[in-house]
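Novice: Chain by chain, the residues run as shown.
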Amino acid sequence: MSLLLQSLVLGVLLGGLYALLAAGLTLYFGVMRVVMIAHSAFLILAAYLAWFFTSSTGLDPLLSLLVTVPLFFVLGVAMQRLLISRLRPATLTMMSVLLTFSIALVIEGMLGFVFSGTQRRIRLPYGGQSLEFFGANVAVVKLIAFGLAATSLLALYLLLKKTQFGQALRATIQHPEAARLVGINTERVAGYGFGLGLATAAIGGTALSLDSTIYPSLHWHWIGPLMAIIVVGGLGSIPGAAIAALVLGLGQSLLQIPLGTTWAQTFFYLALFATLMVRPQGFFGGRLAQRF
Amino acid sequence: MKLRSTTPVRLTALASAAILTLTGCMSSGADGTEGSDDDTITIGISLPLTGDFSEPGKGVQRGYEAWADHVNENGGLLGKQVELEILDDQSSADRVAADYEKLINQDGVDLVFGPFSTRLVVPAAQVAQDYGFLFVEPAGAAEEVFTQGFDNLFYAAPAVADDHYDYLADHIEAMPEAERPKTAAFAAMDDPFAMGTAYGLKTRLEEMGVEVVVDEVYPPNTTDFGSIAAKVADSNADMVVGGTQYQDAVNLIVALQQLDYQPKMAAFSTAPTNPEFPEAIGDKTEGILSPTGYTPAAPYESNKEFVDFYTEKNGTPPAEDEANAWTTGQVVAAAVEAVGCADPDPECQQQLVDWLRDNEVDTVVGPLTWDAEGRPQGAHLIQQYVDGEIRIVLPEESAEADFIADKPAW
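Those protein sequence lines, which keep their order, are chains H and B. Last residue of the first sequence: number 292 in full-length UniProt numbering, and the count goes up by one each step with no gaps. Last residue of the second sequence: number 410 in full-length UniProt numbering, and the count goes up by one each step with no gaps.
Don't read these hints as lab results, they were simulated from the structure. Treat each hint with caution, since some may be false.
To give an idea of the interface, some chain H residues facing chain B are shown, with a C-beta separation under 10 angstroms as derived from the structure [stated by the list, open to error]:
| id | residue |
| --- | --- |
| 1 | Q119 |
| 2 | R123 |
| 3 | S130 |
| 4 | V140 |
| 5 | I144 |
| 6 | L208 |
| 7 | T213 |
| 8 | Y215 |
| 9 | H221 |
| 10 | P225 |
| 11 | L255 |
| 12 | Q256 |
| 13 | Q265 |
| 14 | V278 |
| 15 | Q281 |
Stretch by stretch, here's where chain B covers chain H in the computed footprint (C-beta under 8 angstroms, at least three residues) [claimed, not checked]:
| id | stretch |
| --- | --- |
| 16 | 3-10 |
| 17 | 168-174 |
C-beta: ideal position from N, C-alpha, C; glycine also.
Isolated chain B, as found in the complex (with noise of 0.2 angstroms):
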């Protein structure tokens, strides 16, 4: 008797507990937007900072940090100060989500930014759309981030996977006819990234009448290249592209070079901007072209200031991750900038969403502009080993060195 008399006050005691702790924290939310407006903006990040993207994780994480300290060196945002709050995701895409409801509903914050990954990417843009939240991310050249239907996503980077080697196909396309490739062989691992970057180079090269004598797809877990090297050398095509993530291309150009196969012209992504890259196939990289998104020596105007500041404050210059945070920033900022305003009010983020979509914004990656799923409208650069030296040579406007069109033999 005692114990059915008492559950219903406990029930009430809990639901009232609940809903003080609810209240509490939206007030809490809306004080802390109050006190932001004061004098702090407020910008909400989830990364995976453990787990499998970790290390990458930690490169946007610096690169994020970097920025908040030249903005606040500099006057701030809008005359405010920056600042950051980064959870840790875990590289878990659930934990993601939960992360960006936590930053918007109970953190208050009054700007998002990005994580890493595609995976992550997805489901955390899922939540800014739901809030009407702006959602500039670093990381997410795959085709799939754009396909969601997401009208508040912007990619902070020069181009998606498809775009990577444009350069590299209109500089083809203005070769004379009789010096152009006429055949080309393709390699590429089954994964979203690498795949897209070798098939929108492919896409342009049939267009231009190349023949592909050579379509290979092969798993990520691929251990012996041995045979597809085998067909690639026995086809002897003029041209080789390798749609590869670090490991597959190393193996893979070894394998090559054990077939004493010599291609004209052989361009890989992702591995060959590594600095493990030289050291793992030695002398033999000279001609060897990869497109990247990111060099600390690209010639736009703040990227010289990006450099300078990240390098003094980490002792190291920023590589790709750093730089794409980084622009990530820089897209946002300029939003505010020009809107005039930056908070977590529907009204204002639909602003800086709509101005992003019809302006364009200078980076340290170059100008950027989006089209209306978010994808950026650029290509990346086209690198080439040098004298030993991994180098850029086109498009020629922004050209450290000579385009090699005959590579020589490894």
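Only chain H is shown next, with the shape it has when bound in the complex (with noise of 0.2 angstroms):
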């Protein structure tokens, strides 16, 4: 029984965490159709970032988010504005695969090149540390980590839902041309909307930083259930994603105590299967043109 309880609370403690480091991805998509390779290299990228933040100065890594949360916005603007946008529309999805593929090496390798190959663990008082919760242990640092998940996932819901900024984006997803013709800057929005996604990875790689150790070429371990995650909650949702995230990061956790890791983790990848068979649009929210 106590196994079974203590695998609920990692497994929704592991799917608050998946639902953080996949919405920049559905939000790419949406926005622009672009097939973000790169997002999971973004992600280590801040985490080494919280990493270096915290080694140099002792401080404690959320503090990193300061200065990471801003910089990646403006790093995805101008990364939209100045690669992204570039891609010819009839090939956008493909050829940015290709595009975000190279920037994920490029990432990769300037973190080796910076910070070697040497795999680092951001070193916390409240570590392993835990709260006990009618008998299972709530480890301190996931429960941060879940707690950054859940606000950032809200403040970007009501970001979409309630301000102009917010509407704009949603016409441009829905209809880029009439939103150009009710006087939406399109290009401009498209630009914040990637800055956005890339926010979000500022605060995922913190987030990860915070209980795992990392190391250069581990982002290729987590773009694969990342992916399968927002095909299954339906390209472009963010609610969608976050379900998908907390149903797979149950699963996961639950199919583990009979199954064992390798089949576990197999779940994401049968999932994902079924999903592209029954319904390839994803199974939450209608067509991709009303999400949010």
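Since each chain sits alone in its own frame, please combine them into the complex, following the hints.
Specialist: Structure representation (structure tokens):
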């Protein structure tokens, strides 16, 4: 019984982290049909910046967000305006895979060059601590990561639903030409949308760095599961990504008990396969145009 | 018409050029051999100096170079100076085979030393075998190295993966039955080396009647260790054993600590001996066990000389890769000195192989002997964090600190 409860708790926490890490990925696709292979490389870059910040100043890694979130936002806008917007619309999705793949390689190589291939971990005074919850242990760092995920996803959702920028962004997603006709500068909105996605990578990477060992090539281990999450959730849907992440995280954690790690990981790909067969547009939200 | 008549001429010219080049190479090879017979012994090596294994590859290179310098400063081998010819195989298995082919065939080296990593050792050993060369290698602990039918291969380290925990198993076996762990949990990466270490110990513990309550194997790309840790914690096993590389061991240990699981004994391969480990885990390392193939503090006779010489040359004490390279040099040198020859002639190489089959060699990792497939017949030292420092605790004759049987809480 306690193992089941413990696995449930771990699954929810893991799902929350997955949701945060996948949020940016679904946003890029929703706004621009861009398949952003480099998203997980930016996660690892943010994790390295958090580690570097903590190891050189001794301050809490969460404080690095004050620098990395605006930095990544600007980087995202620049990347969209300088690189992505130059791709031809007809081949955008495919070419974006190649372009962002090369960006991922550049980030990985740069991390290896600057910080070497040595595996790093942020040593936190509360790294091994946990709270007891009906007999299950909840690690403090995992709880912080979950809190970060919940806060940023909620903020993202409110931003998209309640602000004028959010309306413009959603209009751009639904019908770019109509949006232009009513006076929305869709180019600029798309740039901000991309920046927003990369800003979530800054938060996600920092959350990741609290509880895992990082190394330059780690991002290849993440991109597959994250892609699976956003396809199952429905490309472009933030609530869809969040729900899919929770379901898959919980599923992985619970299947671990009877099946072991290897098969529990396969669950992601089985879910992806089943989704593509049964409901290729994903399980949440309707047509791509009406997401959020 | 004109073209037709020139084509055969061209072909003939090409063929003769090719033949000339080939014979040129061969004769230069033969010349090289004769030349080296006079005053130098040339040793051919291919190493992964770039690519995936470049970090350990460079460590092995430092070890080989230090060994050669040491030999040359002390009168050489059979009175001749040793010269290393090192090629870069870019961590590629195709490249490494071509490199040894070139070293033996074209460059006419007198001896060869092995490369780094199981993946490169196997193709390299095949080439050496084809030419009848002795092949001593510093890195190939996985079982697949020894099941390819090589009869010229020797692994220059204390033990293959399966035997890494032997001293720990012996120690547990010697404990009074009431004090032995009753249950054990195993978690191992799906990797021949990492799994080999854990399952070697698992077999021994099962023979002693220890019950295995968790037996998890996870893929190398596992990012979340919470669920594995939950299983181990739920079993509340007396002992936890990790067949691990670096990052998975660290993540698993932290995940176990987060679940407040307190084993009486905890053993993980690879990671705890890494200098980064205490930095990552903090002050919660006390009592963690790990097998190691080498420590600069090991009491073997030649080790102090090695550590002093290496430290003076490079400014830092040697690590395991450097030590394994040095050991390779020691093993080959022992055979060469005993047999009294070092040339590419198959008869001489066979004598070297035969001598190593029947004799024990004293090295910086202890005395080594091998079975017919080249497996070293030893065990790894067992280290443990005692008062915040990693120290040898087993076997007792090498121990720097007392074995902590009841691990303090982490």
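Novice: Now tell me if each hint is right for this structure.
Specialist: Cross-check of the supplied hints:
Taking 10 angstroms as the C-beta cut-off, the interface hint given for Q119 (chain H) holds, the closest approach to chain B being about 5 angstroms. The beta carbon of R123 (chain H) comes within 5 angstroms of a beta carbon in chain B, closer than 10 angstroms, and the hint placing it at the interface holds. At a threshold of 10 angstroms, the smallest CB-CB gap from S130 (chain H) to chain B is about 5 angstroms, leaving the interface hint in force. About 8 angstroms separates the beta-carbon of V140 (chain H) from the nearest beta-carbon of chain B, less than 10 angstroms, and the hint is met.
The interface hint given for I144 (chain H) is violated, since its Cβ lies 12 angstroms from the closest Cβ of chain B, which is over the 10 angstroms cut-off. Residue-level restraint check for L208 (chain H) holds (minimum Cβ-Cβ distance to chain B is 9 angstroms; threshold 10 angstroms). For T213 (chain H), the suggested interface contact is upheld, since its CB lies about 4 angstroms from the closest CB of chain B, less than 10 angstroms. The beta carbon of Y215 (chain H) comes within 7 angstroms of a beta carbon in chain B, closer than 10 angstroms, and the hint placing it at the interface holds.
Below 10 angstroms, beta-carbon pairs count as interface contacts, and H221 (chain H) has one with chain B at about 4 angstroms; its hint therefore holds. Hint on P225 (chain H) holds. Least Cβ distance to chain B is approximately 8 angstroms, under the 10 angstroms limit. At a threshold of 10 angstroms, the smallest CB-CB gap from L255 (chain H) to chain B is about 9 angstroms, leaving the interface hint in force. At its closest, the beta carbon of Q256 (chain H) sits 4 angstroms from a beta carbon of chain B; the interface hint therefore holds under the 10 angstroms criterion.
This hint holds: Q265 (chain H) has a C-beta 6 angstroms from the nearest C-beta of chain B, less than the 10 angstroms allowed. Interface restraint check: V278 (chain H) against chain B, minimum CB-CB distance 27 angstroms, threshold 10 angstroms, status violated. Contact between Q281 (chain H) and chain B, as hinted, is not supported at the beta carbon level, the nearest pair being about 28 angstroms apart and thus beyond 10 angstroms. For the stretch 3-10 of chain H, the assignment as covered by chain B holds, since 4 residues bring a beta-carbon within under 8 angstroms of that chain's beta-carbons and 3 suffice.
Proximity of the stretch 168-174 of chain H to chain B, defined as three or more residues with a beta carbon under 8 angstroms from a beta carbon of that chain, is not established by the 0 residues found.
Taken one by one, the earlier hints fail for this structure at numbers 5, 14, 15 and 17, listed in ascending order.
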